[in-house]
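Novice: The listed protein sequences correspond, in order, to chains A and B.
If you're matching positions, the first sequence starts at 45 in the numbering used here and goes up one per residue.
If you're matching positions, the second sequence starts at 45 in the numbering used here and goes up one per residue.
Note that these hints are calculated values from the structure, not bench results.
The reader is advised that the hints may include incorrect statements.
Which copy? The list can't say, so a pair holds if one copy fits it or any two copies do.
For lysine to aspartate or glutamate, the following EDC-like pairs were computed, each having C-alpha atoms within a straight-line distance of at most 20 Å [said to hold, decoys possible]:
{"#": "1", "residue 1": "Lys239", "residue 2": "Glu185"}
{"#": "2", "residue 1": "Lys145", "residue 2": "Glu197"}
{"#": "3", "residue 1": "Lys90", "residue 2": "Asp240"}
{"#": "4", "residue 1": "Lys181", "residue 2": "Glu201"}
{"#": "5", "residue 1": "Lys81", "residue 2": "Asp143"}
{"#": "6", "residue 1": "Lys246", "residue 2": "Asp216"}
{"#": "7", "residue 1": "Lys145", "residue 2": "Glu204"}
{"#": "8", "residue 1": "Lys246", "residue 2": "Glu197"}
{"#": "9", "residue 1": "Lys261", "residue 2": "Glu85"}
There are 2 protein chains.
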Amino acid sequence: VDRLRDRSIRGGEEREVAPTGSEELSLTEKRREQIIKATCECIVEKGYSACTMQDIAKKTGLSKGMIHYYFSTKENLLISVMENLVSQWDRVIAERINDIKDPQEAIHGLLDACCEIAQDGVSYNMLVKFWAELSHKKAFEEVNANFYNHYREMIREIIEEGINQGKFKEVDSHLLATIIISIIDGLSLQWLFEKDAFSLMKAKNMAGELILTFLRK
Amino acid sequence: VDRLRDRSIRGGEEREVAPTGSEELSLTEKRREQIIKATCECIVEKGYSACTMQDIAKKTGLSKGMIHYYFSTKENLLISVMENLVSQWDRVIAERINDIKDPQEAIHGLLDACCEIAQDGVSYNMLVKFWAELSHKKAFEEVNANFYNHYREMIREIIEEGINQGKFKEVDSHLLATIIISIIDGLSLQWLFEKDAFSLMKAKNMAGELILTFLRK
């Protein structure tokens, strides 16, 4: 079951790559990744506003001009950081749920994957910093909406599968997917801010129980 | 039933007020509130980093020196903005649940109150901007932890009441309170970022059903 299809999270906009030959493409990709990684680290450390193109240049050892050659603006860099994170999340989730046929187990697999993401020390920290910029840039709002739609759709499909297999009761699967994402986001945030407040593992297990009790016929 | 007791959300730190006579106290309080309101507006508009003491002075019509007289640092101002918001949330929640004796109805009342807060156009916008600064200031982390504990405790008491009245099954009430906050935060955030993605009212109703189905004996 391939639950993760290739859905672009950046609306209609073109990706900023300048590929020519295949070797140059690989250097381009390598540089891009290096810059994205440095940006992510810098934003997590200092915050988005405080992180300058100069900081990023310093971290990568590249010139500021070179950073600008790959990414025309800091805004585009932040979008690429978020796209990169979403790709990582997709990989983590795919590993946990792609081979699972049972929708109940898929829900548990999804929650396991999301716990792994919450604990990676970067994802929700970056998300919060990205969200803080959302209201100031239309393009950020669109990127955020696209990746939320991507995950809502993925979870909706698991719920629909359960309904079709006769294992889940009939529910508004889009709305329940929205609530499942809420639980994941909300727990990850509370845990990010205060690791001793509760056990993330126990909360994940109770969340699974809560969702599956609701879906029981 | 008074579910909201006076719990300070700012750890051991002293509040920055310089009261003398009663008339002066009222002017002090009035000025403080005026400054806090302007700060909140400014941060929502421009973001925390971009909002300067000068901007706040301009918005209030007071001198920059006067702002500094009331709040020694921008950090303390942000903390006061958050404390002010928490007081507002407490009032909104108290109005909806203080007269309710039935714990099931109290859960619905709480969700209604939180929907009202999500829709006020300021609260979650400020929260996200506050969270983005958390990892950079120890004092912010403490304030955030205190108000999360305050709400966890409030919801835990509703659940315990339901268990004691024999209406809810035995559960880890601290953990379930954490999950209920997750749902509230998560839905409010998704809705803040994309109002057309789902109906907040329908999501609130389904969330109530989800929680009460889980608590059914």
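Novice: All hints are to be evaluated individually against the structure, with a verdict given for each.
Specialist: Evaluated hints:
| no. | hint | in the structure |
| --- | --- | --- |
| 1 | Lys239 <-> Glu185 | between (29 Å within a copy, 11 Å between copies) |
| 2 | Lys145 <-> Glu197 | within (17 Å within a copy, 39 Å between copies) |
| 3 | Lys90 <-> Asp240 | neither (24 Å within a copy, 33 Å between copies) |
| 4 | Lys181 <-> Glu201 | neither (31 Å within a copy, 41 Å between copies) |
| 5 | Lys81 <-> Asp143 | neither (30 Å within a copy, 53 Å between copies) |
| 6 | Lys246 <-> Asp216 | between (27 Å within a copy, 10 Å between copies) |
| 7 | Lys145 <-> Glu204 | within (13 Å within a copy, 38 Å between copies) |
| 8 | Lys246 <-> Glu197 | between (26 Å within a copy, 18 Å between copies) |
| 9 | Lys261 <-> Glu85 | neither (46 Å within a copy, 48 Å between copies) |
Of the numbered hints given earlier, the model fails hints 3, 4, 5, 9; all others are met.
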